Amino acid sequence: GAGVSQSPRYKVAKRGQDVALRCDPISGHVSLFWYQQALGQGPEFLTYFQNEAQLDKSGLPSDRFFAERPEGSVSTLKIQRTQQEDSAVYLCASSFQAGNTGELFFGEGSRLTVL
Amino acid sequence: EDQVTQSPEALRLQEGESSSLNCSYTVSGLRGLFWYRQDPGKGPEFLFTLYSAGEEKEKERLKATLTKKESFLHITAPKPEDSATYLCAVREAGTALIFGKGTTLSVSS
Chain A
62 GAGVSQSPRY KVAKRGQDVA LRCDPISGHV SLFWYQQALG QGPEFLTYFQ
112 NEAQLDKSGL PSDRFFAERP EGSVSTLKIQ RTQQEDSAVY LCASSFQAGN
162 TGELFFGEGS RLTVL
Chain B
159 EDQVTQSPEA LRLQEGESSS LNCSYTVSGL RGLFWYRQDP GKGPEFLFTL
209 YSAGEEKEKE RLKATLTKKE SFLHITAPKP EDSATYLCAV REAGTALIFG
259 KGTTLSVSS
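Those sequence lines, one after another, are chains A and B.
Take any residue in the first sequence, note its place counting from 1, add 61, and you have its number in the numbering used here.
Take any residue in the second sequence, note its place counting from 1, add 158, and you have its number in the numbering used here.
There may be inaccurate statements among the hints.
What the hints assert, rightly or not - Have a look at the derived ranges for each label pair, beta carbon to beta carbon:
no., chain 1, residue 1, chain 2, residue 2, range
1, B, S264, A, A114, 37 to 45 Å
2, A, G101, B, S176, 46 to 54 Å
3, B, S176, A, V91, 33 to 41 Å
4, B, V185, A, L100, 35 to 43 Å
5, A, N112, B, S267, 15 to 23 Å
6, A, G64, B, A251, 26 to 34 Å
7, B, K200, A, P131, 24 to 32 Å
8, A, P69, B, D160, 27 to 35 Å
9, B, S267, A, Q141, 27 to 35 Å
10, A, A81, B, E216, 28 to 36 Å
11, B, K221, A, L100, 25 to 33 Å
Keep in mind the hints are simulated off the structure, nothing from the lab.
Here the structure is a predicted model, which is why all the values come from computation and not from measurement.
Cβ coordinates follow ideal geometry from the N, Cα and C atoms, glycine included.
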């Protein structure tokens, strides 16, 4: 596609439910990042993939958060046993360059609300 | 302590009224400073990369500058369509981007 596509755009979950957020990066982009953006804050790094390899997951806030990119293209961020503090916009970004570059193409985000 | 601090948090301008946004950072070993624009309900959109003190980049009404401790985003004769949140981010060696909280700019006609 022309840009980074994320789905669903909006997700409401009851506390304790599991959720899965999908990211379809720009075709051919090697690097893929997940960020979390709370209301009124800047994005915070969660994890980074280079192709199918997860090279950095230092930003994942707990072991309830899990991300994968099995074929080096589409990525899924899974949150188990959601808590209210998980409510945020989850942004996916991609880059054609390998490595942790700063020139990223972001999707529109998935807004998660945990009740 | 925040590594990236943006000021002001919010800025209201009249159309044509030039101003500057500030981004100060405390990271060592800077590997790039980045400016992004974010519209409501959208993801950030890349604007500029600056790598060394003294460097400047321009795009339409926007000009970004960099010193050893801060960056400025100068907006000349802004228009209502420049209204957005402007995010600053820095990168140290081997790390992902560290974003500031942003400056929300409103330009009225």
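### Query
For this structure, which hints from the list above don't hold up?
Result: hints 2, 4, 5, 9, 10 break, sorted rising.
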